[in-house]
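**Student:** Full structure from sequences and hints, please.
Residue numbers (the numbering used here), protein chains in the order written: chain A, 2 to 833; chain B, 10 to 232.
One thing to keep in mind: the hints can contain errors.
[Unchecked claim] Think about it this way: if two alpha-carbon atoms lie no more than 25 angstroms apart in a straight line, the pair counts; the simulated SDA-like pairs of lysine to any residue are:
1. A/Lys820 x B/Asp66
2. A/Lys746 x B/Lys86
3. A/Lys751 x A/Leu824
4. B/Lys74 x A/Ile826
5. A/Lys104 x A/Trp520
6. A/Lys733 x B/Gly123
7. B/Lys125 x B/Ile90
8. A/Lys671 x A/Asp514
9. A/Lys476 x B/Arg151
10. A/Lys746 x B/Asp122
11. A/Lys820 x B/Lys86
12. A/Lys733 x B/Gly181
13. A/Lys751 x B/Asp66
14. A/Lys602 x A/Pro567
15. A/Lys820 x B/Ser81
16. A/Lys328 x A/Ser694
17. B/Lys84 x A/Glu828
18. B/Lys127 x A/Glu454
19. B/Lys213 x B/Pro50
20. A/Lys604 x A/Ile246
21. B/Lys67 x A/Arg823
22. B/Lys84 x A/Ala818
23. A/Lys733 x B/Ile90
24. B/Lys33 x A/Ile826
25. A/Lys376 x A/Val286
26. B/Lys84 x A/Arg823
27. B/Lys86 x A/Val750
28. A/Lys733 x B/Gly52
29. B/Lys74 x A/Leu824
30. A/Lys451 x B/Asn108
31. A/Lys733 x B/Gln101
32. A/Lys205 x A/Glu118
33. A/Lys214 x A/Tyr73
34. A/Lys451 x B/Lys127
35. A/Lys671 x A/Glu697
36. A/Lys179 x A/Asn332
37. B/Lys127 x A/Ile450
38. A/Lys7 x A/Arg277
39. A/Lys230 x A/Asp621
40. B/Lys84 x A/Gly747
These are computed hints drawn from the structure, not numbers from a lab.
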Amino acid sequence: MSVILKFTIRNIKEKKFRTFLILFSIMISSALFFASGAMSGSVAQMLVDRMRSSVGASEIIIHANEKSPSEYMTTSAAEAFREDMDFIASNVFCQGMYKTDSKETFKIDLNGYVFSELQMMNPVALEAEYNLQPFSGKKIILSSATAEKLKLSLGDSMDLKINDVKHRFVISGIAQPKGVFLEDGRTNNAVVPRETLATLLNAKGRVSAIHMKPKDMSRKQELIDSLSKAYGRYTVRETIPEEDIRRGANAFNVPFMMMVVMVLVISVFIIYTSFRVITTEMLPVIGTFRSIGATKRMTDLVLLTESIAYGIVGGALGCILGIGVLKIMVNMMLIEADRAAGYTAAVQYDWTQMLAAFILAVALSVVSSIIPIIKVSRISVKDIVLNKIESIKKKKRFRLWLGLILLASVIIAPRTAPRSAAIPVDMLCLVFASISVTLLIPYITGGFIKLFEGIYTYVFGNEGILAAKNLRENKSVLNNISLLSMGISALLIINTISFSVSREVGNAYRTLDYDIEFWVPNLDRQKLMLTEKIDGVADAYGNYQVFGTELADGKDRISCIIGAEPNKFDDYFDIGIVGDKESLLRELGRDRNIIIANALKEKFGVDMGDSINLRTKRGDRPYRIIGFCETIMYNGQIAIVGDKYLKSDMELKYYNDMLVKTSKPPEVVKENIKKYFGSEDIYITTMDEMEKSNNESNKAMFSIFRIFSIMAMVIGVFGILNNFAISFMERKRSLAMFRSMGMSKGQTVKMIFIEALSGGIIGGAVGVFSGVVNISVVPYVMRAIDLPIPIHYSAVLMAVSLAGGAAVTMIASVSPALKSSRLNIIEAVKYE
Amino acid sequence: MQIIETKNLNKTFKMGDLDIEVLKDINLSIESGEFVSIMGPSGSGKSTLLYLIGGLDKPTSGSVKIKGSELSEMKDKEQSIMRRRDIGFVFQFYNLIPNLSVEENVILPVLLDGKKLKDYRNKLDDILEVVGLADRRAHTPRELSGGQQQRVAIARALVNEPDIILADEPIGNLDTKTGTEVMQLLQRINREKKKTIVQVTHSKEAAEYGNRIINVRDGRVWG
Numbered sequence: 002m003s004v005i006l007k008f009t010i011r012n013i014k015e016k017k018f019r020t021f022l023i024l025f026s027i028m029i030s031s032a033l034f035f036a037s038g039a040m041s042g043s044v045a046q047m048l049v050d051r052m053r054s055s056v057g058a059s060e061i062i063i064h065a066n067e068k069s070p071s072e073y074m075t076t077s078a079a080e081a082f083r084e085d086m087d088f089i090a091s092n093v094f095c096q097g098m099y100k101t102d103s104k105e106t107f108k109i110d111l112n113g114y115v116f117s118e119l120q121m122m123n124p125v126a127l128e129a130e131y132n133l134q135p136f137s138g139k140k141i142i143l144s145s146a147t148a149e150k151l152k153l154s155l156g157d158s159m160d161l162k163i164n165d166v167k168h169r170f171v172i173s174g175i176a177q178p179k180g181v182f183l184e185d186g187r188t189n190n191a192v193v194p195r196e197t198l199a200t201l202l203n204a205k206g207r208v209s210a211i212h213m214k215p216k217d218m219s220r221k222q223e224l225i226d227s228l229s230k231a232y233g234r235y236t237v238r239e240t241i242p243e244e245d246i247r248r249g250a251n252a253f254n255v256p257f258m259m260m261v262v263m264v265l266v267i268s269v270f271i272i273y274t275s276f277r278v279i280t281t282e283m284l285p286v287i288g289t290f291r292s293i294g295a296t297k298r299m300t301d302l303v304l305l306t307e308s309i310a311y312g313i314v315g316g317a318l319g320c321i322l323g324i325g326v327l328k329i330m331v332n333m334m335l336i337e338a339d340r341a342a343g344y345t346a347a348v349q350y351d352w353t354q355m356l357a358a359f360i361l362a363v364a365l366s367v368v369s370s371i372i373p374i375i376k377v378s379r380i381s382v383k384d385i386v387l388n389k390i391e392s393i394k395k396k397k398r399f400r401l402w403l404g405l406i407l408l409a410s411v412i413i414a415p416r417t418a419p420r421s422a423a424i425p426v427d428m429l430c431l432v433f434a435s436i437s438v439t440l441l442i443p444y445i446t447g448g449f450i451k452l453f454e455g456i457y458t459y460v461f462g463n464e465g466i467l468a469a470k471n472l473r474e475n476k477s478v479l480n481n482i483s484l485l486s487m488g489i490s491a492l493l494i495i496n497t498i499s500f501s502v503s504r505e506v507g508n509a510y511r512t513l514d515y516d517i518e519f520w521v522p523n524l525d526r527q528k529l530m531l532t533e534k535i536d537g538v539a540d541a542y543g544n545y546q547v548f549g550t551e552l553a554d555g556k557d558r559i560s561c562i563i564g565a566e567p568n569k570f571d572d573y574f575d576i577g578i579v580g581d582k583e584s585l586l587r588e589l590g591r592d593r594n595i596i597i598a599n600a601l602k603e604k605f606g607v608d609m610g611d612s613i614n615l616r617t618k619r620g621d622r623p624y625r626i627i628g629f630c631e632t633i634m635y636n637g638q639i640a641i642v643g644d645k646y647l648k649s650d651m652e653l654k655y656y657n658d659m660l661v662k663t664s665k666p667p668e669v670v671k672e673n674i675k676k677y678f679g680s681e682d683i684y685i686t687t688m689d690e691m692e693k694s695n696n697e698s699n700k701a702m703f704s705i706f707r708i709f710s711i712m713a714m715v716i717g718v719f720g721i722l723n724n725f726a727i728s729f730m731e732r733k734r735s736l737a738m739f740r741s742m743g744m745s746k747g748q749t750v751k752m753i754f755i756e757a758l759s760g761g762i763i764g765g766a767v768g769v770f771s772g773v774v775n776i777s778v779v780p781y782v783m784r785a786i787d788l789p790i791p792i793h794y795s796a797v798l799m800a801v802s803l804a805g806g807a808a809v810t811m812i813a814s815v816s817p818a819l820k821s822s823r824l825n826i827i828e829a830v831k832y833e
Numbered sequence: 010m011q012i013i014e015t016k017n018l019n020k021t022f023k024m025g026d027l028d029i030e031v032l033k034d035i036n037l038s039i040e041s042g043e044f045v046s047i048m049g050p051s052g053s054g055k056s057t058l059l060y061l062i063g064g065l066d067k068p069t070s071g072s073v074k075i076k077g078s079e080l081s082e083m084k085d086k087e088q089s090i091m092r093r094r095d096i097g098f099v100f101q102f103y104n105l106i107p108n109l110s111v112e113e114n115v116i117l118p119v120l121l122d123g124k125k126l127k128d129y130r131n132k133l134d135d136i137l138e139v140v141g142l143a144d145r146r147a148h149t150p151r152e153l154s155g156g157q158q159q160r161v162a163i164a165r166a167l168v169n170e171p172d173i174i175l176a177d178e179p180i181g182n183l184d185t186k187t188g189t190e191v192m193q194l195l196q197r198i199n200r201e202k203k204k205t206i207v208q209v210t211h212s213k214e215a216a217e218y219g220n221r222i223i224n225v226r227d228g229r230v231w232g
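**Tutor:** Okay, structure coming up:
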């Protein structure tokens, strides 16, 4: 046994490239699996961190809603639960305006807290303080970033306009820009004494929100239920809703898992083909040892041990590499704005994820190698020793049928699976697509060979005909075609999705037919009329919008509802309304009618004429569906109602923003608007700027996906190189025989290159086909995670993939071609 | 007419630090139309001699002339052309291309010579008739017996109508009955088509099909 093991270890050492290839495949697969699995946790953690920055350790929050009698409440009911809580911290919130000496106006988000309560909930790290305690009266704490921006220092006075009344505060503390003072460059946070602010807001003794943390976290839901009863007309909920976070993180998780599946399929293929070679090489030794008394179990165990060893080493390396990959991925998720705001990449993983990745690595190696091991195990000793291994390849018709059945299921299943099962069904379809293509490749190749034989006669002469014939039933060539097609398919999928998203983002912005969007406080009709008088403004439109409106059943929500002014909406939005736009828009103005996006139609399972009950500030209101629109704005989670009804039901006093068409360059008009509203806090952007910003954040995410697809291609290329090496070893004899018949060195090299080119073209074509089949599954996955992006196929991408495939195999064939010209004919011909 | 001639032919192999002299000073002459059997014990150098004659290997010193042309003066391309047109090889293990049909295997030398398959259809039919495989033309080697595969190899060796057939242990991998059939075929080719045949063989019975035996022992010709 130890001799066999010695042979195995020697074999592993000798075949360095093959060992590297197997380990590399396992390592990359387990690293990407680990990183993808941990990614959702890290993304969730990033989201939690963002929320935590403002709410600290708060686990339960009580605040007003549309049904509440007032936006403020008392804390007496909450105090009854003090024994159950680590802390109860209440705050009052409002916005104030500060004008600098240079007449620049800044909006300040004022949070009124009892300082000791704030320190329990979300501790403030003070850089400096002046007469801070007792924290009462008109004292204010600013972040160091805000103080620098406003050119204020400790001890300075600060006149704040609150509800149009000026109040003088004294800066008593400068805090580090974190926690409640974490800012994104646009907001300015400040903390003032709670009672002071409540008094200024005529809400003495009341608060805007109550934050609590239970002593026993397992009782959180029970306490929420009890507090809900105590605060019947107010919202009592988890401060950071885990369901929302998981939903948000899931949107990242699913596409990563799709890519991991593709990488795994390639790895399985590579390990399987490598083990076929390993078991073939081991046959004589196995035969010898079985003939002298080693049992079948012993020899099987040796092969299995080699497989497990690869899994263990690859898995261990993969876990280490996976941490690095996870850090890179999470860092890439952070866009510049996040970094500017001081957010850091939260890398979160635990030992269970590492263990899962490690187990996957071992399982991957064992599962991929088990079939060759079993096949060898079944050969009798006599046959091994007498070298009578049956190598007749029976035409296995069942492969053709199985391949076609799997292909059909890939086409049919995503279209018929229920939404709840969409993700697992679609993942399975990705695997089936790869398997079906692999099974069908010999038949597809046969078709191409017939084509090539005809063409090559004229293009390459007889060497071309020979090259085409050599492709027939050539295992190594077929393996290369499989690998190439899988790699190209992975690259094509991700690049097509990226291309589609960019195009749809562009299209989405083209549906917005205006040049500038801006907001100032109290944006009303008067400001609309004033805007129209600004130099360069051709027209203006006041836009009503509400976000995150719940349906009355509480199970779903609409991300954005636009209130359309029937006469002007069409001038500003081309939102893909199906049918007679003008008539439908007029209908919106006549009653509580609604037009919803097709994605929502599918999600809610509704149709024309049905009613949707919206939860509004005035209670639940039914809106009748009169039409649909095809748009991916807000990921297709959008609806349009008449502005009159939206304003009334949601009690909107002001426009959400102002949309402007310009008669001069938008950048110029933007400055004019800023100058005009100079005394007010203003948010303004041109459409070009918005599109650019959107593209940047999408670019970050797709960069990560590209890493996956490039890894898949890299593994595939290594596999192709290995196959070429194996192919050369297996073909030495036939190459030498060609030479003995009079084939010159030049003819041999030419033939090998033509074989490689042909294999590359076939692999590229099959890869494109397989990519298209896989891409056809993607919309269903995207729909399942509320990202209904239509897919756009790029002919250029496909052509590049095809050419790339040919180039890869041509380059990989250089070494075998050169070796063939140095072949020792006699050795190859005479000796096995 | 002398068709094959060797003069002071030597071949030495390097095995690590050792120089092993496989052929020593071989002087040989074979007339056109002869059927020569080279015999000798294992390791005597007989196969090496055959491959040197066929241009598959280079001598350490000495010369090999095929139809008056010195092999060492030929470039690879010229040697390749010579192997296509003037020499046909038959090997012990047939060395057929497994995924090509009988017909495709036989026609390979024609394709290598840049000729069109359609111009050789009739010749192909004739050759397959000669070797008795006309009804198996569409089969692959895997579907043939050892004897049939060797006959395919012989057909391939004949397709370009070379003057010389070199056979290395042509019946070494066949049973007696099949071996006899193959030898009878080679003899027929020699007598009817006047091809010069040089075979390396262990078998006395096989050697008797020829009309001359050359014994090689310890790298030298004996007798």
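**Student:** Could you run down the list of hints and mark each one as holding or not?
**Tutor:** Results of checking the hints against the structure:
1. A/Lys820 x B/Asp66: 17 angstroms, holds
2. A/Lys746 x B/Lys86: Holds, because 8 angstroms separates the two Cα atoms, which is no more than 25 angstroms.
3. A/Lys751 x A/Leu824: 15 angstroms, holds
4. B/Lys74 x A/Ile826: 20 angstroms, holds
5. A/Lys104 x A/Trp520: OK: lysine 104 of chain A and tryptophan 520 of chain A at ~19 angstroms, within 25 angstroms.
6. A/Lys733 x B/Gly123: Roughly 23 angstroms separates the two Cα atoms, so the pair holds.
7. B/Lys125 x B/Ile90: 16 angstroms, holds
8. A/Lys671 x A/Asp514: At roughly 16 angstroms apart (the allowed maximum being 25 angstroms), aspartate 514 of chain A and lysine 671 of chain A satisfy the hint.
9. A/Lys476 x B/Arg151: Given that 25 angstroms is the threshold and the Cα spacing comes to 16 angstroms, the pair holds.
10. A/Lys746 x B/Asp122: 14 angstroms, holds
11. A/Lys820 x B/Lys86: 18 angstroms, holds
12. A/Lys733 x B/Gly181: 22 angstroms, holds
13. A/Lys751 x B/Asp66: Measuring from Cα to Cα gives roughly 23 angstroms; hence the hint holds.
14. A/Lys602 x A/Pro567: Judged against 25 angstroms, a Cα distance of about 22 angstroms means the pair holds.
15. A/Lys820 x B/Ser81: 23 angstroms, holds
16. A/Lys328 x A/Ser694: 24 angstroms, holds
17. B/Lys84 x A/Glu828: 21 angstroms, holds
18. B/Lys127 x A/Glu454: Cα-Cα ~14 angstroms, so holds.
19. B/Lys213 x B/Pro50: 12 angstroms, holds
20. A/Lys604 x A/Ile246: 20 angstroms, holds
21. B/Lys67 x A/Arg823: With Cα atoms ~14 angstroms apart, lysine 67 of chain B and arginine 823 of chain A stay inside 25 angstroms; holds.
22. B/Lys84 x A/Ala818: With a Cα-Cα distance of about 20 angstroms, the restraint between lysine 84 of chain B and alanine 818 of chain A holds, given a limit of 25 angstroms.
23. A/Lys733 x B/Ile90: 21 angstroms, holds
24. B/Lys33 x A/Ile826: 22 angstroms, holds
25. A/Lys376 x A/Val286: 16 angstroms, holds
26. B/Lys84 x A/Arg823: Given pair lysine 84 of chain B, arginine 823 of chain A holds - Cα atoms ~15 angstroms apart, limit 25 angstroms.
27. B/Lys86 x A/Val750: 13 angstroms, holds
28. A/Lys733 x B/Gly52: Holds, at roughly 24 angstroms.
29. B/Lys74 x A/Leu824: The hint holds at about 24 angstroms.
30. A/Lys451 x B/Asn108: Between lysine 451 of chain A and asparagine 108 of chain B the Cα gap is close to 15 angstroms, so the pair holds against 25 angstroms.
31. A/Lys733 x B/Gln101: 17 angstroms, holds
32. A/Lys205 x A/Glu118: The hint holds at about 18 angstroms.
33. A/Lys214 x A/Tyr73: 20 angstroms, holds
34. A/Lys451 x B/Lys127: 17 angstroms, holds
35. A/Lys671 x A/Glu697: Given pair lysine 671 of chain A, glutamate 697 of chain A holds - Cα atoms ~22 angstroms apart, limit 25 angstroms.
36. A/Lys179 x A/Asn332: 19 angstroms, holds
37. B/Lys127 x A/Ile450: 19 angstroms, holds
38. A/Lys7 x A/Arg277: With a Cα-Cα distance of about 20 angstroms, the restraint between lysine 7 of chain A and arginine 277 of chain A holds, given a limit of 25 angstroms.
39. A/Lys230 x A/Asp621: 21 angstroms, holds
40. B/Lys84 x A/Gly747: 12 angstroms, holds
In terms of the numbered hints stated before, the structure departs from none.
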